[in-house]
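Visitor: Here is what each chain is made of, one letter per residue.
Number of protein chains: 2
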Amino acid sequence: MEQLEIHILGCGSALPTTRHNASSQVIKIGNKQFMIDCGEGTQLQLRRQHIHFSFINHIFISHLHGDHCFGLIGLISTFGLLGRTAPLHIYADPMLEKVMKPQLDFYCKDIKYPLFFHSIDASKHCVIFEDNTITVETLPLNHRMPCCGFLFREKPKRRHLIGDVANFYNIPAYMRQSIKDGADFVTPEGAVIPNAKLTKDADPSRSYAYCSDTRPCPEICGYLKDVDLLYHEATFAESEKERAKITHHSTAREAAEIAKKAGVRRLLLGHYSSRYENETALLSEAQEIFADTLCANEGVTFTI
Amino acid sequence: MEQLEIHILGCGSALPTTRHNASSQVIKIGNKQFMIDCGEGTQLQLRRQHIHFSFINHIFISHLHGDHCFGLIGLISTFGLLGRTAPLHIYADPMLEKVMKPQLDFYCKDIKYPLFFHSIDASKHCVIFEDNTITVETLPLNHRMPCCGFLFREKPKRRHLIGDVANFYNIPAYMRQSIKDGADFVTPEGAVIPNAKLTKDADPSRSYAYCSDTRPCPEICGYLKDVDLLYHEATFAESEKERAKITHHSTAREAAEIAKKAGVRRLLLGHYSSRYENETALLSEAQEIFADTLCANEGVTFTI
Chain A
182 MEQLEIHILG CGSALPTTRH NASSQVIKIG NKQFMIDCGE GTQLQLRRQH IHFSFINHIF
242 ISHLHGDHCF GLIGLISTFG LLGRTAPLHI YADPMLEKVM KPQLDFYCKD IKYPLFFHSI
302 DASKHCVIFE DNTITVETLP LNHRMPCCGF LFREKPKRRH LIGDVANFYN IPAYMRQSIK
362 DGADFVTPEG AVIPNAKLTK DADPSRSYAY CSDTRPCPEI CGYLKDVDLL YHEATFAESE
422 KERAKITHHS TAREAAEIAK KAGVRRLLLG HYSSRYENET ALLSEAQEIF ADTLCANEGV
482 TFTI
Chain B
182 MEQLEIHILG CGSALPTTRH NASSQVIKIG NKQFMIDCGE GTQLQLRRQH IHFSFINHIF
242 ISHLHGDHCF GLIGLISTFG LLGRTAPLHI YADPMLEKVM KPQLDFYCKD IKYPLFFHSI
302 DASKHCVIFE DNTITVETLP LNHRMPCCGF LFREKPKRRH LIGDVANFYN IPAYMRQSIK
362 DGADFVTPEG AVIPNAKLTK DADPSRSYAY CSDTRPCPEI CGYLKDVDLL YHEATFAESE
422 KERAKITHHS TAREAAEIAK KAGVRRLLLG HYSSRYENET ALLSEAQEIF ADTLCANEGV
482 TFTI
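Residue numbers (the numbering used here), protein chains in the order written: chain A, 182 to 485; chain B, 182 to 485.
Please note: incorrect hints may appear among the correct ones.
As the list claims (entries may be wrong) - Cβ-to-Cβ under 10 Å is the rule here; a few derived chain A residues that face chain B: (1) I232; (2) D248; (3) G252; (4) I254; (5) P275; (6) M276; (7) Q284; (8) F287; (9) K290; (10) I343.
Rather than coming from a laboratory, the hints here were simulated on the basis of the structure.
The beta-carbon is built from N, C-alpha and C at its ideal position, and this holds for glycine as well.
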């Protein structure tokens, strides 16, 4: 089974520090790569982490605060300098394209690849991307401006045909796909071989959710049930709960409460305030509520 | 005498690498700080190099290629988040403000400090900034778009009044400034004490020039005579001279020829192409022509 990897390029918040970059992640599934958010310095982080620029075809922007999108113009320009020809799709609030328009006109008039902006309505839960193996859904969040999370789900996969059994029954090639989809096999003599004898269970369909920036949103828990990994912002510790409320962010404890209520498998904290010199307090605060919690960090890859 | 320091935040070229950031420098003279160029990631470099954001009041942008200005919007926003109230002055081609306008309207409408854009005509040599101790002149360069260098000059300084001598003659306080400016002292008895007996030479007025990006410009050599330190782009080695011509850049040898022709004291190379894994070849190529050549590098400070 192909690895599903989350590469953390940046998990800091508004003020960049020497410890954390502005928000950005790359989701790798085989040779597909999806980017979420693109704060300043994202292209440098791609270089540092040896991630191939050319496999990134879809960029999802949660909201338009600078620490989530100021790296876009540099990345778009660099794609041009590198001779990219493949289309690039950006999913964001429609204001992003308006704000970037004069920059794009000035800097990107000679790029050789098509650049598409797709409008997101952050207030709605809906599928905004789909290909043969993946869907991406928006998760409406609660921040100081329109903001949504993203839920990546693999589609149900085909069952595995057991090679020896398939050979024993001499199953013709043209029937194999339907058997992988669950069909029984009928021999030329009319005997029905039940699918369970021919196939093994499909690989599990994995899922990953990204929720940043937001106050805790119990409304999204229904969408997050059994999600393998939830990245949830934990800008503050509980001691700064009032500040979290005012700035529309979450505490580590609140992130853990969402993880617990939703019934996700693992929780990944991020979007740390620059006031913390390390994440120990945030982590232990979350783990009191939800044991299977991890802390994001630049250069670290989380595998599902 | 206060140190005059050049802090290199970035000395790479268009494509950022793990070795070099996009162009930016801070010139420190006492507690005055001037920034030249502001490529993506500049605010991160300021953090890494422990340079105080709040002393930067003037930013000079050589030209509008992204690797020289994509970090501006992040820096302007961060100044706002940090509660800056002091005015910020940006000197650049007037197109910069136009290109940034919707971004500034969207991201910076709540900033509490005045932001001023000052138009540069890159084709003209003139003084664009002056205060009590410094002037900054433009140097017309030859690039693929309007581009100018910047020449920082300290104004002539006052001579040092020799304390013991001043006390011996009982020179009143109100006369001391004019003596530092070169006046003789006339005692109450009418004796003329020549200035040379009262004062020591003033500290030298130092100068620093920044020339990037450009083909070699012999026309500017007249302005560079006796300049203490010349930062000159050396994007390529001589082996890539044709590419240097096509892209309107300089080779290391060409940079050294300008330094020699102009009669500067020291040469500092920078703006290296991403193709070079180190700068050894560029340095030795330049040193063959101009011995007192150094290589810029991120985190390194050059003192005049």
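Visitor: Please go over all the hints and tell whether each is borne out by the structure.
Guide: Verification of the supplied hints:
Nearest Cβ of chain B to the Cβ of I232(A): about 12 Å, over the 10 Å cut. The hint is violated. Satisfaction of the interface hint for D248(A) is found here, the shortest Cβ-Cβ separation to chain B being roughly 8 Å, below the 10 Å cut-off. Satisfaction of the interface hint for G252(A) is found here, the shortest Cβ-Cβ separation to chain B being roughly 7 Å, below the 10 Å cut-off. Taken as an interface hint, I254(A) checks out: its beta carbon lies about 6 Å from the nearest beta carbon of chain B, inside 10 Å.
Taking 10 Å as the C-beta contact cut-off toward chain B, the hint placing P275(A) at the interface is violated, the least distance being around 12 Å. At its closest, the beta carbon of M276(A) sits 7 Å from a beta carbon of chain B; the interface hint therefore holds under the 10 Å criterion. This hint holds: Q284(A) has a C-beta 5 Å from the nearest C-beta of chain B, less than the 10 Å allowed. Annotation: interface hint on F287(A) holds; nearest CB of chain B at approximately 5 Å, less than 10 Å.
For the restraint placing K290(A) at the interface with chain B, the shortest Cβ-Cβ distance is roughly 12 Å, beyond the 10 Å limit, so the hint is violated. Evaluation of the I343(A) hint against chain B yields a violated restraint, the C-beta minimum of about 47 Å exceeding 10 Å.
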